[in-house]
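Enquirer: Chains as they are written, first to last, in our numbering: chain P, 502 to 1201; chain D, 502 to 1201.
Do not rely on the hints blindly, as some may be mistaken.
Result set (DSS-like, lysine-lysine): computed pairs, CA atoms no more than 25 angstroms apart in a straight line [stated by the list, open to error]:
(1) P:Lys875 / P:Lys810
(2) P:Lys723 / D:Lys1165
(3) D:Lys744 / P:Lys694
(4) D:Lys873 / P:Lys744
(5) P:Lys744 / D:Lys723
Derived by calculation from the structure, the hints in this document are not laboratory data.
Protein chains: 2
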Amino acid sequence: MTGQESCRFLKFISHLLFCALLFSFASWSFASDTRCDLIPLPLSLTTGDGVFHITPQFRIAVEGKGNERLLRATDRMRQRLAGRTGIFFTSNTIEPGKNLGNGGLSISFERTGRLALHEDESYALDITSEGVILKAVTDIGAMRGLETLLQLVSAVPGGYCFPAVFIQDHPRFPWRGLLIDSCRHFMPVDVIKRNLDGMSAVKLNVLHWHLTEDQGFRVECKTFPELHRLGSDGLYYTHDQLKEVIRYASDRGIRVVPEFDIPGHSTSWLVGYPELASAPGPYAIERGFGVKDPTFDPTRKATYKFFDKFFAEMSSLFPDDYIHIGGDENNGKQWDENPAIQAFMKKKGLKDNHALQAYFNERILNILTKYKKKMIGWDEIYQPYLPKNIVIQSWRGEESLRDAAQKGYMGLLSRGYYIDLAKSASHHYLNDPVPQDSVLTPEERKRVLGGEATMWSELVSPETVDSRIWPRTAAIAERFWSPAGVRDVDDMYRRLEIIALQLEEFGLTHIKNREMMMRRLAGGMDIEPLKVFLGAVEPLEGYARHHQGVTYTSFSPLTRVVDLAIPDAAVARRLEKLVDNYLVRREPNSLDLINDTLRIWKDNHQRLLPLIRRSPVLAEIEGMSEDLSLIAGAGLEALEMIVAGQEVSSDWILQKKELLEKAKKPRGHAELVVTSAIGKLIEAVSCTGQTSQTQSEASR
Amino acid sequence: MTGQESCRFLKFISHLLFCALLFSFASWSFASDTRCDLIPLPLSLTTGDGVFHITPQFRIAVEGKGNERLLRATDRMRQRLAGRTGIFFTSNTIEPGKNLGNGGLSISFERTGRLALHEDESYALDITSEGVILKAVTDIGAMRGLETLLQLVSAVPGGYCFPAVFIQDHPRFPWRGLLIDSCRHFMPVDVIKRNLDGMSAVKLNVLHWHLTEDQGFRVECKTFPELHRLGSDGLYYTHDQLKEVIRYASDRGIRVVPEFDIPGHSTSWLVGYPELASAPGPYAIERGFGVKDPTFDPTRKATYKFFDKFFAEMSSLFPDDYIHIGGDENNGKQWDENPAIQAFMKKKGLKDNHALQAYFNERILNILTKYKKKMIGWDEIYQPYLPKNIVIQSWRGEESLRDAAQKGYMGLLSRGYYIDLAKSASHHYLNDPVPQDSVLTPEERKRVLGGEATMWSELVSPETVDSRIWPRTAAIAERFWSPAGVRDVDDMYRRLEIIALQLEEFGLTHIKNREMMMRRLAGGMDIEPLKVFLGAVEPLEGYARHHQGVTYTSFSPLTRVVDLAIPDAAVARRLEKLVDNYLVRREPNSLDLINDTLRIWKDNHQRLLPLIRRSPVLAEIEGMSEDLSLIAGAGLEALEMIVAGQEVSSDWILQKKELLEKAKKPRGHAELVVTSAIGKLIEAVSCTGQTSQTQSEASR
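Here chain P stands alone, though its shape is the one from the complex (with noise of 0.2 angstroms):
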């Protein structure tokens, strides 16, 4: 190799380890290590000696009673295990009764688990060389185990194995769930069977489907037909489809809460039966977001004529012991405008608007009841006299669960779980339903259920919802199933990266749909430039999305950069590590990858300004790209004054502060996420604290 030769080939080394870096994903459980790969993980695992040997020749025996579901969660287990080892499996059905011994793996339960609160999810996992024994109380906690199984997965030199452990596993929470809305943005069949298959792989147990909303009605409805050919401009779920989804959900051990979001939240149901709103429709189908006026009457009886015969369709369709009634967000202008609703409030004593709507909720309440269905709902349906069996969702926090608990009830924690709002994984992981620092009683603490993450759909679509989704949601999913005490941020993120590759499987788009959205945007160019960028940039946090000059309505393009940045940036993330660790050890492998890290990002403007000038929809990016790749060169430089031990001027440092607040400015509804990483370095520069015009005077 010449001197040039050699040069060059170190560059291209150093790129590549940019791209992984970049890039790449944490290493799976391949090879015999002591770390645990597992999310969530389990309440215990010990090691044992050696491994079992997946060959062509792996068998599957099912012990006890013959159980259709767990048939065939174990010809999917066993079809994933092909898929991710290219075996191709001499025997491919699944033998009944008798443990295998050597050579197989064995399951076997006592008894069919009915989908319900509290149902037995445990599951012992048994692994030796000689063979794997999966032994649950039920199916569903045999399927439970069968994606630790399969999440344990790992190479020897010649072929797979599993490795030997034995692991003891039940969840904390009996009800963890995550909520979809195919409302704001309607979600095809296809996208909530794969979340499904996703839910199922972290061990998560409820789907609550928001099924109805201002902007649209998605349950086709053979009583009040108008709810959905009227409500839904098409997009709507055919009883087929529904029956479909439980069936889906529960051959994985999900249960499914449908949400019927009522008074408020009700504009969808409205445009086919106006009559039964509290003012004069019409209505139309909403566009915009956020809360609205259309709410049910609570004076009427047609109102409960209606909703009767309503909770009788569903509650025949639905199976699950709860129907989640919503609740939230009423405005009540509509109730205060309505004179009718006015009087009937002072003949009944009601005192205000809350009090209306506990009304409404107690006669709702009957309703469910007659038809054998507990009820759900969000904060605002808590009333001191509601019975006990009811579930209240806190979206307003862990104060209000706590005073639920305390009185009684049964709650579950959402609030911190808001995952629409492009929070990091961390700030979702530490948040625990029942926190160490808890003042309630070990009764009272029986009583928080779990919690759901949720993801609302106003900035969503069908092409995104995955990356919003996963992997965060693994994490969230730990925090429901493993010990409280399991905290570690740092493993959860080395974790997560390995559950986000698996959960690819099931078609999940988290990973795969980003170049795509990429592609679309470069307009033919190569995307190198661009994802380059977006490791440096996460969408708006929070609701700040809907206040940045443009009003997202439902008709609104989800295709720009913002939508296909992620929360949990990762280069961001391990370049705040390595910065960390640079000022503090002085690593001299950091500072190269510091270094390599910002040199890209400083040439990476002139070389995204060809894709901006071919793609107008990137135009709005182009004042970021320019700071990212500003701030770089400023990383840079106080990089090389660190490691020369230079001082610089107090007027350098404002300078590059100055530069790195303007770089604070979200661009196109994102923002960098590096500037603290870069502040750091800057912050770390010697100062001689004169300013430049004082310093060069002193050293002329």
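Fit chain D to the known structure of chain P by using the hints.
Expert: This is chain D only, laid out in the frame that chain P set:
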């Protein structure tokens, strides 16, 4: 920049060039060049002056009678336009009636099209700086025009536009199909839907849905429920799902022609109804592939009673005029071995199995006719006394198609469009249903209705099927739509890369699933070396994969390297071009690119090895990866000699050719496809005509 930095930077740029060569796609129709990027190419296109600017105020009106189907198609068109451009349109309703004049798209049509053979699909598109006018006879024609319009989206400084053009267009053939085999591997509804979207984007108009096979009966049958209950492993389409797909297809101007393959290829039917077979059962769903024995008994009344009821149900379910009865590859074994059938043949004077099958077909034809359906079947159904409204689909080829046409029968060509066989797009593209040298008269030519690409699914799963269909099927679609003279292979490939990107907006996975599958294979490591390797690799063509010492069944994993290798490996194709360029014109640019490509390949084996060590599933390509490295090295040596004008000994050449021969050996059911380009380089080195020994003797 220091010298070293500059050298590193140069290397970095050259790496980018290589990346571009490897993975990027040709540019879209952005910027107003004179190339036409449409696929299929229209009948006539005239370029006008200027462009029509697409602004947030863009409006759409549909003139003429209201037509829900066209309104929905127009809505989708606007949503796709918003998605590509990121524009928040201010108007999101479609205006009725009047021509918009300035500032909008005005659509008019004369009547609602019927989804039937020979329906009018013509349209005219007139784009000026003032507006866009789309006119068609039917709403189906208007939909074809909308797809053309979406392919015209371009960028000019500051925004997006449609370039001013005048297009008049109609198809060359009326039957332009894609066969999807949902039997060998079941294809869920969403797979079918996204492929219907893809079909409509390239103006295909028939989904030929292969619904029954030895390996699965995929349709819910209410009359004979054991068909789907026992014949499908639970993987079948319900009536509701079938209707949903038919409606979805209709919304895109696509007919759905179901195929019920009889009397052979019918094992799955006979699982539930063994009494209808020509040999005693019991039967089990077939897991292997190839021609199997089980065949309906054509001699029994019960058989026709069964089919009468069966087709009664299916005729009302599928609205198309045609039903496909398969009829192919009956090996006759069960007939030969059944004395009752032999006696029947004797009695009826049926001299062989072909005559017996003709008897069967005729009776089936009578049933179809009774239910107002026309018959289509594979070559084997052809009989000189059948009515002239049947259609013969030719898998045997042009000759049998010609014979049929000459005898007055309508026909379709499928031979040459078997996209499951992993052949190049150019192979399919140049295959013409009516070749220029055809001996058919103009009248006979009209009987050749078009053709169908056939996606047989022995070796594809829902995960890989899109990558076998797209983008090659777009080339076939152009063959069926555009004038016969459109045959520029290079230009087709250029446009294929453009449409490949556009097809992604339907959720098609032909591009994005490749890297997803690489991530799974790489076990969490950086996939870059695998990507480089795959640039030089294609799956084995034809039926060769079935003869590699492993027997594929419906359980076999389709997740290995061969499954993500694609026909038309782009890098290999481009390298061949570069080599031709360089050898003929000594272009220095070509030289650099060849050099870079070969160098990366040469080094790639060392980079890929760690992945192979980590992922046993990659072991099968280790030898091939090493060979790629070796032949790339040989190519570099050859290039150096050529540049230096140096001569080599004949045994140098011999040795390199041996390397190439060794490298051609298939591994993992895939093969290196760069041996030809590298072979040309080696051929191009001047040879002294001496062996190295005589040479070294001479030089002594």
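Enquirer: All hints are to be evaluated individually against the structure, with a verdict given for each.
Expert: To see whether the hints hold, each was checked on the structure:
no.: 1; hint: P:Lys875 / P:Lys810; in the structure: 17 angstroms, holds
no.: 2; hint: P:Lys723 / D:Lys1165; in the structure: 63 angstroms, violated
no.: 3; hint: D:Lys744 / P:Lys694; in the structure: 20 angstroms, holds
no.: 4; hint: D:Lys873 / P:Lys744; in the structure: 34 angstroms, violated
no.: 5; hint: P:Lys744 / D:Lys723; in the structure: 18 angstroms, holds
Of the numbered hints given earlier, the model fails hints 2, 4; all others are met.
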